[in-house]
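Residue numbers (numbering that gives the first Met the number 0), protein chains in the order written: chain A, 0 to 209; chain B, 0 to 209; chain C, 0 to 209; chain D, 0 to 209.
Each hint should be verified, as a subset may be incorrect.
[Said to hold, decoys possible] Straight-line distance between alpha carbons at most 25 Å, and here's what the computed SDA-like set of lysine to any residue pairs gives: (1) A:Lys73 x D:Leu143; (2) A:Lys73 x D:Lys141; (3) A:Lys70 x A:Gly135; (4) B:Lys2 x A:Thr4; (5) C:Lys70 x B:Leu88; (6) B:Lys73 x C:Lys73; (7) A:Lys70 x B:His69; (8) A:Lys2 x D:Glu3; (9) B:Lys70 x B:Phe59; (10) C:Lys73 x B:Thr4; (11) B:Lys73 x B:Gly179; (12) D:Lys73 x D:Ser138; (13) A:Lys141 x B:Lys70; (14) B:Lys73 x A:Leu88; (15) B:Lys2 x D:Ala5; (16) A:Lys2 x C:Gly9; (17) D:Lys70 x D:Leu143; (18) B:Lys2 x B:Asn140; (19) A:Lys157 x D:Ser80; (20) C:Lys2 x D:Ser80; (21) A:Lys70 x D:Gly179.
Hint data in this document are derived by calculation from the structure and do not stem from the laboratory.
Number of protein chains: 4
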Amino acid sequence: MEKETARIEGFSDGVFAIAITLLVLELRIPVAESNNNPQMLANSLLAQWPSFLAFSLSFFSIFIMWVNHHKIFKQIYRRNSALMFANGLILFLATCISYPTALLARYFGTPSLSVAVAAYTGLFVLINLAFNLLWGIASRNKDLLRPEISHTAIRKLKRNYLYGLPVHLSAFLLSFCWPGGSLVLCALLWTYWAFTSGRLDLSPGKAAGK
Amino acid sequence: MEKETARIEGFSDGVFAIAITLLVLELRIPVAESNNNPQMLANSLLAQWPSFLAFSLSFFSIFIMWVNHHKIFKQIYRRNSALMFANGLILFLATCISYPTALLARYFGTPSLSVAVAAYTGLFVLINLAFNLLWGIASRNKDLLRPEISHTAIRKLKRNYLYGLPVHLSAFLLSFCWPGGSLVLCALLWTYWAFTSGRLDLSPGKAAGK
Amino acid sequence: MEKETARIEGFSDGVFAIAITLLVLELRIPVAESNNNPQMLANSLLAQWPSFLAFSLSFFSIFIMWVNHHKIFKQIYRRNSALMFANGLILFLATCISYPTALLARYFGTPSLSVAVAAYTGLFVLINLAFNLLWGIASRNKDLLRPEISHTAIRKLKRNYLYGLPVHLSAFLLSFCWPGGSLVLCALLWTYWAFTSGRLDLSPGKAAGK
Amino acid sequence: MEKETARIEGFSDGVFAIAITLLVLELRIPVAESNNNPQMLANSLLAQWPSFLAFSLSFFSIFIMWVNHHKIFKQIYRRNSALMFANGLILFLATCISYPTALLARYFGTPSLSVAVAAYTGLFVLINLAFNLLWGIASRNKDLLRPEISHTAIRKLKRNYLYGLPVHLSAFLLSFCWPGGSLVLCALLWTYWAFTSGRLDLSPGKAAGK
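Using the sequences provided together with the hints, build the complete structure.
Structure below.
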């Protein structure tokens, strides 16, 4: 059976690629009058570390979203309207990431950080729900999936997203009392996902996992 | 017969993907001095709801344009100059959407909203005409279409866009006296299209609809 | 023989798609205080027509560049370094277009327009040279071309770009004394290219032209 | 064996294409009040040459990164997690380029240039390390490579990046005492890469080089 989802994947890749690249527009070069003072310019650059950190964190998070999207769509061969709109929801949320990223960079080190982190982690709760929705729609209807996919593979993919939700929810709740810890929690989950993503490889020929 | 339109579809997907992602650049984080006042920052964020609404509406509308474009090009196998330029017109109008979106966000809740909504809905009248032009060019010349396409399928696709025009025209006229109602009318049409898009599936093997 | 240029075409399409879509960022919504005066907002919008004109002209010109690029690469099957860098030069110049476009929009109706038009038309002289370079490299080395391409087809493509150069050069020279006429000359050439682009169709099976 | 990396290459091409095109956003048209003085506008434009230079240099450098990426991925047929994240690191660094480019344009001709050049060349040291990492991961595991790749080809690709590192490191160190010379050194290396890139062509059928 031929894959029917090539153009959806191409469009999604385009949106992820643009969303991930637009993040850099939030990095503004220092405007301080440091023309004649290299040391001052170097200091201004180093003082921007919260912007660089927020940028890196969000780049990494969109990259992991793309890897996951890639992995899910390797298992999807046909599409229906529900699937297309669930995918559209994921893309919508992915393009939104630059907004709380800018908040994070702007309010780092101020008492208002908690609001920025709540917006940031709240968005990832929604993203997690959207990925669960996408895989829920796809896995409920075996006609949409790669023909030879095994039950183990379906369950594995499902489980992989399941613990994402409570972690992101905890990070969201934590943001109100300890915003820094909330960000660390997110970073830990994403690092875990990055390191374990190989184990979820369900490509044809090794259907039950590596 | 081989499809000749792959590169047109790829380029169009690129333009749609960028147009849909650039919308987020209109969302600006609050500039109010709320460093030390989380409540004030939260309030500033909530006060931006017209921007979020305009952003979401336009994201959704471009996404539906892309779904429709996708659907039409599944039926088109060859291209000529007229088709390429009708497609170029659609892409031109799609990239324009961010402009009245910014107007909408900026003038929401002011007496000038009617002008913003007229610009917004007027653009969608033009988009509708461009889609009718594209499908008119393609369906007039059966050489351009998928060989085994049925007359029912051609008529179905045509009818689908036909009632878009009067609805968008009504929304345009309504914008002058009741701008809010005009936006609701657009949103209703797009929701209808989203929910019925499955019924228009004319992919090979189920040519007469699902 | 398999085409070797798929990834070059994909990358080029990406750059064209982004360059064409970024143009819209130059359109800024009116900042005048027209919150309570719809008529004033409408007037401000209409007063922006030079921006809309410059935007449309540049969109159209990049679109025609893409159509031409598409047409040339349908005849190219293999690549070498010279070809890749000639293509890179075209992409470089394409991304530059937004700069003189912004100049054009900004200085329309002022005595400084001539400088803006000279920058704009000068860029198109360079673009024309770059396209001639690309096709020169490709056609000098028949190994790079579609195997069954005819001599007529090669000459036809060459001739098509040849008269572009004197027209763009004339437009460049004209810009210093009559900038408006210079823009009209460009628009006429591009319209001619748009209308005759069908005649250049050299796709397999109709190798000697339509 | 079928290539498994199509979607990685597509996504990477998207990121490179956007990163290369976004550079132009740093070019701002002159804001001086030159409406009635064409000569003044022309002078302001010419005075922006450091911006144009920085833009051209960075465009060229990203283009060469893309050519190299293209060349490496022609030899890679399968992927694992390490490869995907090494590739993600390259993309991350590529999107960063616009930041030191803006620094370079802004501080050209001032005593603070050295800091800007150090940031610029330092980024290219990291990019070089990332490319070495990617090719290190790929070449250590022959399962990932094109089946019929020769040892000579693997070594050739490796050597090609090896002398990039000391040159970029030297440019980085040089930036503190002679920033202009540091940029010239980078430009020379990139020109050398551009001119010799043909010799590295290891496409199937001419596996041992041209």
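**OP:** Run the structure past the numbered hints and jot down the numbers of the failing ones, going up.
**Re:** The structure breaks hints 11, 20 and 21; every other hint is satisfied.
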